[in-house]
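4 protein chains.
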Amino acid sequence: MGVKTKDEYIESIRALKPTAYMFGEQLTNVLDNPRLRAGIEATAATYEVANIEKYKKFVVTTSPLINEPVSRFTLPPSSIEDLVARVKMNRHLGNYVGTCHQRCTGLDCLSALSIVTYNIDKKYGTDYCGHFTEFLKYVQKNDLAANAGVTDVKGDRSLSPHEQVDKDMYLHIVERRDDGIVVRGAKVHQTGSLSSHEIIVIPTRALGKDDQDYAVAFAIPSDTKGLIHVIGRSTLDMRELDGCDIGNTLYSKYCPTLIFDDVFVPWNRVFMCGETDFAADLVGRFSAFHRQSHGGCKSGKIDCMIGAALTLMDYNGTNKVSHHKQKIIDMIHRAETLYGCCLAASYEGQQQPSGTYYIDTVLANASKLHEGKELSEAIRLMIDVSGGFVADLPSDRDFQNPDVGDLLKKYLKGVDNVPVENRIRMYRLVEKMALESADTISDIHGGGSPEAHRVTIFRETDVESKKKAAKRLAGIES
Amino acid sequence: MGVKTKDEYIESIRALKPTAYMFGEQLTNVLDNPRLRAGIEATAATYEVANIEKYKKFVVTTSPLINEPVSRFTLPPSSIEDLVARVKMNRHLGNYVGTCHQRCTGLDCLSALSIVTYNIDKKYGTDYCGHFTEFLKYVQKNDLAANAGVTDVKGDRSLSPHEQVDKDMYLHIVERRDDGIVVRGAKVHQTGSLSSHEIIVIPTRALGKDDQDYAVAFAIPSDTKGLIHVIGRSTLDMRELDGCDIGNTLYSKYCPTLIFDDVFVPWNRVFMCGETDFAADLVGRFSAFHRQSHGGCKSGKIDCMIGAALTLMDYNGTNKVSHHKQKIIDMIHRAETLYGCCLAASYEGQQQPSGTYYIDTVLANASKLHEGKELSEAIRLMIDVSGGFVADLPSDRDFQNPDVGDLLKKYLKGVDNVPVENRIRMYRLVEKMALESADTISDIHGGGSPEAHRVTIFRETDVESKKKAAKRLAGIES
Amino acid sequence: MGVKTKDEYIESIRALKPTAYMFGEQLTNVLDNPRLRAGIEATAATYEVANIEKYKKFVVTTSPLINEPVSRFTLPPSSIEDLVARVKMNRHLGNYVGTCHQRCTGLDCLSALSIVTYNIDKKYGTDYCGHFTEFLKYVQKNDLAANAGVTDVKGDRSLSPHEQVDKDMYLHIVERRDDGIVVRGAKVHQTGSLSSHEIIVIPTRALGKDDQDYAVAFAIPSDTKGLIHVIGRSTLDMRELDGCDIGNTLYSKYCPTLIFDDVFVPWNRVFMCGETDFAADLVGRFSAFHRQSHGGCKSGKIDCMIGAALTLMDYNGTNKVSHHKQKIIDMIHRAETLYGCCLAASYEGQQQPSGTYYIDTVLANASKLHEGKELSEAIRLMIDVSGGFVADLPSDRDFQNPDVGDLLKKYLKGVDNVPVENRIRMYRLVEKMALESADTISDIHGGGSPEAHRVTIFRETDVESKKKAAKRLAGIES
Amino acid sequence: MGVKTKDEYIESIRALKPTAYMFGEQLTNVLDNPRLRAGIEATAATYEVANIEKYKKFVVTTSPLINEPVSRFTLPPSSIEDLVARVKMNRHLGNYVGTCHQRCTGLDCLSALSIVTYNIDKKYGTDYCGHFTEFLKYVQKNDLAANAGVTDVKGDRSLSPHEQVDKDMYLHIVERRDDGIVVRGAKVHQTGSLSSHEIIVIPTRALGKDDQDYAVAFAIPSDTKGLIHVIGRSTLDMRELDGCDIGNTLYSKYCPTLIFDDVFVPWNRVFMCGETDFAADLVGRFSAFHRQSHGGCKSGKIDCMIGAALTLMDYNGTNKVSHHKQKIIDMIHRAETLYGCCLAASYEGQQQPSGTYYIDTVLANASKLHEGKELSEAIRLMIDVSGGFVADLPSDRDFQNPDVGDLLKKYLKGVDNVPVENRIRMYRLVEKMALESADTISDIHGGGSPEAHRVTIFRETDVESKKKAAKRLAGIES
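Protein chains in written order, with numbering that gives the first Met the number 0: chain A, 0 to 477; chain B, 0 to 477; chain C, 0 to 477; chain D, 0 to 477.
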């Protein structure tokens, strides 16, 4: 067992039989569907790099739990070094795949649960931590990919879960049985749910005492009965299905809606069941870890965008243009800001009672807040530098058409020594990185909306000490 | 004759037989192709509103040239009132179609030519203005839509036209004949070329004395022999082709690459032929007019985005959330900034020697510079307010699927009194307005890249008088 | 009579005997106090330019009320042309004085009162408009400068006027007599109160029915008994008092706190007295006019800042540096944005029932919202371009010191052909424009705080029509 | 000796007899001049906190050079822990003094010299490192404060040092003697030169082979013969001299111009002499360290600004206002961004051949680039939240005036339970932090101008690897 190879991972995904729908049809073969495969390949890259020398040190380490080499994607951080390695691993991977590798949410859930189940047990004498630890060993030993089922559909956002007209708008327990629980609801934006072996579910928000049935956390295989993956639309989904005009030739992303249609969860897979007072803590920890993950992978994605913009400057004959260079610097500055803040969040992490290391939340949220605003700005800059063919580029099929193909190739040529095909490919990549909705929307909403980051920053900042310092200088208090 | 109805316009487009390719295939019926039809409908809206009372006053006026009622889209501005009406007409239309109506570039070309052909004739004793005036009468009498062939493919951007390895990288004259000229080259991002009756071509940049063959302007029907329209990819092109998951149910945009494969132009349709010293003036005037056009229609598009975001606040139960309201204000502020600057540019316009009114270029460029940066910010704000389903929304076909359709409708419900279908439709519209590449890329590159606006602003500003004022106050000069 | 000359204005100010304190001392001669004189000179410039050919057309016009030539600073706008001329006059003056000329608030009050007194009379059958019109004739005939007493001290901002512990925190009527009223309170940030002949008072906020005594508007001479002007500190106040190291050698600004210590106002000078339902309208109209005023004068001030930055580029040998030029463009862009939006607000103005023309409030507030953010950005850019001597420049007295004067002059030299004195003077001007608190704070708080502009923008925008447009496109409503 | 107490430091400064001029007069007692004393107190705070338990761990450590406890302000970083401690020490101190403590530039020079003298010796077989190490021991043993003489006056910035008309525009060697060298020139913006025992001089820019005499580095006591300190103007300098209306009641900042009027430097104090090829390295290292210093102290200053704004919200009755809270979050976000990036720069530091640890320069410059833009934004937000009395607040002397003092105190009251004096004091502190030029200008120009940071970021970034990643994904290269 131990750390899987890419091929082992692919075969393990092939072995799953999930219920999945896309564009009105049920899918019989998830793995070989070109659109989903591009997403699964992105997760596969997390296995691949574990075996590439350059990246290995960031990805592979020894788990103190099972005393065996594991992928860091299965390891709740047990040291500052682990926290830092997560960021660097994610930056390398973001650059390597140019999109989302889809494996961080699972790790972020494992990390949060490793802290909170311990805390719940301390207070209530439950054994969630025991359940969780067994599950974690299983994940580590089999190098599994997991998905985080966090975001509920929410119905009317002005109402709390138990106040909703339809009580299923937040996932909840509909039956408690001897052998386990039955849950109902739906989780949305389930990045990589079909690239994952396991689906981990946690609450999406703080809960009140009347929301008891909604305070539930657990893990189940992604092909569990009653679990339905519905892959929605993204802007460029048909390109992969058509096998044509694909910008990122290797990887992509998809994010199903996941319906839990009365799904059974055995007790040993239940990690929270009714403890409403820990719901905010659990989702808060997850979100903070997830914001740190973004700081790594998104700076890696900007790296890739910088590379594409610079390459098009080479191809277009604009690599001496000073305002283009200024825009490249603006892009680098944004990448380093995300990276710097979340690296600092990691170095400044602290050990929790359960032993897991937790990041500095203010710095992690500072990073994510930049992402929400600056990634769209980085995209705008990339488009500005690259030129207008981010839209309207004729199809590869037009380039192959006997009537107009040669004419198009003639006219799409940039500088003399660069094959026109390369210029076309690079424009396609820019289009993908700029306009693939599965990616760009999560820059804004992933890990909670910007307002959530802001609220967290304020709540976690010691404002009283700042007032005190000001009063001392003003001569009001000493 | 006179101002066409929408139906008359549609039929006039049906009568054309352009050569067009899309995704590797030649098209036999442009008008009924769903993707192109949505774009043609947007142009048709410019005819439709001419007959709607509320909008009529902005669109219909009397041409001093033919002394008949005409659409302002065929009228080079002959008064300040005309300049202002353009902006208001474009704002209304931007809001009405929620995308680009594609008819402004033609008007902007007509406006620029009405000034510059006169100036060329003054200097060189040519009769371009005569040719142009006859053409303009024809356009006005038949209420034709025209397209602006401005942006050349440009090859190696560090070289001027005549320095290119392939001399065809900028459209140029390859033969001068008794009855006319033959031209070769390609113009890209030809918004609405198939919604237009006429294609007007002007140079794309300043030219030197060795670029004489590139100093050419003319107009030809959009189905002229040798003219090839290649419709390229845009992010959401397949939605219209599939007839499914279309966000804007009425309108869209497309921008072909237009190849001039040795096209003949009769002399009476030639408006510039070798006068390199007027190339910069011609493209500069066009660009300034076009930046004013954008200030109108894009503020109208933001209006539409504000409406969509507010509607989703109603549907999601977030219409009381204060930070959402702040973001709406930020969006309004951006719309009004574009609008205010280009309205001022119009009110401050001045009559030119030919009689045409020209805008204040500094203010018009100030507006466009905001557009290039702030429209992507307005989109980001709309996405932030709307929520995550801007991506990943299941397909309409999933909603119709007997297995999962009802489950999806159950879970996609927002507030109680709004049909789930409406919420879904509004998310699709937001997706279209946020992520349709044909629109969003032109926010940045349309009317020239941001750097072009900046250079213009500096060149057109009287900096010496500002220095003088500072020196007086500093006591250096009186 | 008629339009005063600068000298006549100065003498008319000398004739006033206001009660004024500064830095703990009562002043016996306001006019010849160097600090106040610099401010009075700025207002005097509004009289001076009325007699300079280049500016005359913007400043002098004929009043329809008295059928005589008047300064526009005494004229509520009676046409679109008047509204536009205000903006241009203010831009010219902002550039001419490089600071605040202090005469716009009076005009903005006159303009607001000319609309609202009419409306009150219509509803309540009062004769405020009659009182006001007589006052206005007097102002016009004598070309008086007026000051706007708007901002109350406000005490605890979470409480309304009548809820305050000390009822005097908002100016109010303490006695109603046969011959007039007695008022008590204090108005702060009274720009130019000692440069003004008259003080016009209006409420600072919306009032409820229990705030009746606070609904009061009136005008009194600036040297009325009981009126106390306390000139506060500004950052560079001692420079003028010391007569040394003054950046703007001609003009400055000051803004006293004005205490109304039981001041009597005769009935014919009372323009509102108890009509709480019109308080919001009155202050709202004033604010909207004032935000338009700012859009003019602050763009003129940025012009001056651009001139200073460009001059220092010449003096420092950096006038070829491309990133400096980019920053100059950024500054121009900001000036034109303020100007464009408030010019548009003027052109789009509409006549009110009283006959006065009123601006488009959304566009005026859009302009002011930019000012609040972008003026500090323009200052930052000016500092960046100018270099570090905006701070720390040795004193003129050091340059005159026999020991070190020559050494300093040697070392402060820039490019060879520019006298070192000029470079020093220009740095001082930049320091003044960047760091004079009397100016820079009003960029943010003048005409109400940024949040006030935002709230106004939202309130005055027709959001329902925007929703309707989005619903039509989404296929929800036709 | 070892770590000095605050009193020992003050007495050691008293013992110096520097030549100093201010406002045209020579100073006989620097220490007791109120304006300079406030600055000296800020440096004294760096000694004070070394003896306060809470801060001690950040400030005091053991020097590996002398094996004794030393202040970190005398210690070139010899570990990652040292680099990180610098940032935290600076943040604490920035918050503690609310201005610049003026002791970082000396440390940054020591740190840079400890790396570069070693590198020069390696190449040229010189013994600068030996000189430097002796000097460093002396500094550490006596816990001395040092100042960095970096910024030359520069004359015509388009010319290199040897091209200047006046060869003294960059400090240079005018004589080489047996016992040492004689130097001439001037260094400007010499923060804390009179709070320092030693002045360390290094070149300000890259030098060419013809600039040999300008490639000079050394250290001399601040009261060396021929060294003239000329204290220039800052915006609020007279407040301290008048002893009135001082915002920061404890600390301030001043930055003299320092003239080297043929100053003798003995050989054992010379650290570079003619090695032009190391000039860029030396100033580059200094600047990078200094940008890291800023990231610490300026985030500490923003902390203080946040505290002041929050306190005024309490005092004004606006502490429940949601848009104020949003602005506070914006300020926190800015502080944490500076801090996060420069903390990351420290954790990612690397050991240099000499043994000293050096920061990650891209991250350090990313931090400084934010400072240059965001500190002025943080100030704007503080002003917005605090309200208009940041300007125009009456003088303390007015509050004491028997005629108007009580009236002013009555009217300046905020919420009921806060003494009016406290509110006034807090407004004065805000004024100081917002508008003291000695501080705010250095936010922009300190450690080199923004363009210098940008150029560094680009130069230090591996752009080729980014291009490579993009090409792989586009399918161009594997």
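Treat the hints as calculated values from the structure; they're not laboratory data.
One should not assume that every hint holds.
Same chains, same names: a pair is fine if it fits in one copy or spans any two.
Calculated cross-link-like contacts (lysine-lysine; reagent style DSSO-like; alpha-carbon spacing at most 27 Å) [said to hold, decoys possible]:
#1 K324 <-> K470
#2 K140 <-> K5
#3 K372 <-> K324
#4 K408 <-> K224
#5 K5 <-> K87
#6 K56 <-> K324
#7 K319 <-> K140
#8 K224 <-> K409
#9 K408 <-> K122
#10 K467 <-> K224
#11 K408 <-> K56
#12 K372 <-> K121
#13 K224 <-> K470
#14 K408 <-> K467
#15 K409 <-> K467
#16 K224 <-> K319
#17 K16 <-> K467
#18 K87 <-> K467
Hints, one by one, checked against the model:
In this assembly of identical chains, the alpha carbons of K324 and K470 lie at most 27 Å apart only when taken from different copies (19 Å versus 45 Å within one copy). When the C-alpha separation of K140 and K5 is checked against a cutoff of 27 Å, the pair qualifies only within one copy, where the shortest distance is 16 Å, while the shortest distance between copies is 59 Å. Taking the closest pair of Cα atoms, K372 and K324 come within 27 Å of each other both inside a single copy (21 Å) and across two copies (18 Å). In this assembly of identical chains, K408 and K224 lie within 27 Å of each other by CA distance solely across copies; the values are 21 Å between and 52 Å within a copy.
Within a single copy, K5 and K87 get their C-alpha atoms as close as 20 Å, which meets the 27 Å cut-off; across copies the closest is 43 Å, which misses it. For the identical chains of this complex, K56 and K324 are neighbours neither inside a copy (33 Å) nor across copies (43 Å), given an alpha-carbon limit of 27 Å. Taking CA atoms no more than 27 Å apart as the test, K319 paired with K140 passes in neither setting, with 52 Å inside one copy and 49 Å between copies. Taking the shortest alpha-carbon separations for K224 and K409, only the inter-copy value of 20 Å comes in at or below 27 Å, while the best intra-copy value is 55 Å.
For a Cα distance limit of 27 Å, the shortest separation of K408 from K122 qualifies neither inside one copy, at 69 Å, nor across copies, at 40 Å. In this assembly of identical chains, K467 and K224 lie within 27 Å of each other by CA distance neither inside one copy nor across copies; the values are 58 Å within and 44 Å between. Proximity of K408 to K56 under the C-alpha cut-off of 27 Å is found in neither arrangement, the shortest distances being 44 Å within a copy and 47 Å between copies. For a Cα distance limit of 27 Å, the shortest separation of K372 from K121 qualifies neither inside one copy, at 40 Å, nor across copies, at 47 Å.
When the C-alpha separation of K224 and K470 is checked against a cutoff of 27 Å, the pair qualifies neither within a copy, at 62 Å, nor between copies, at 39 Å. Taking identical chains as interchangeable, the C-alpha atoms of K408 and K467 lie at most 27 Å apart only when they sit on different chains, with a minimum of 24 Å there against 68 Å within one chain. With identical chains, the CA atoms of K409 and K467 are at most 27 Å apart between copies only, with a shortest distance of 26 Å across copies and 69 Å within one. Proximity of K224 and K319 under a CA criterion of 27 Å is satisfied in neither setting, with 59 Å inside one chain copy and 40 Å between copies.
Proximity of K16 and K467 under a CA criterion of 27 Å is satisfied in neither setting, with 60 Å inside one chain copy and 37 Å between copies. Taking the shortest alpha-carbon separations for K87 and K467, only the inter-copy value of 18 Å comes in at or below 27 Å, while the best intra-copy value is 38 Å.
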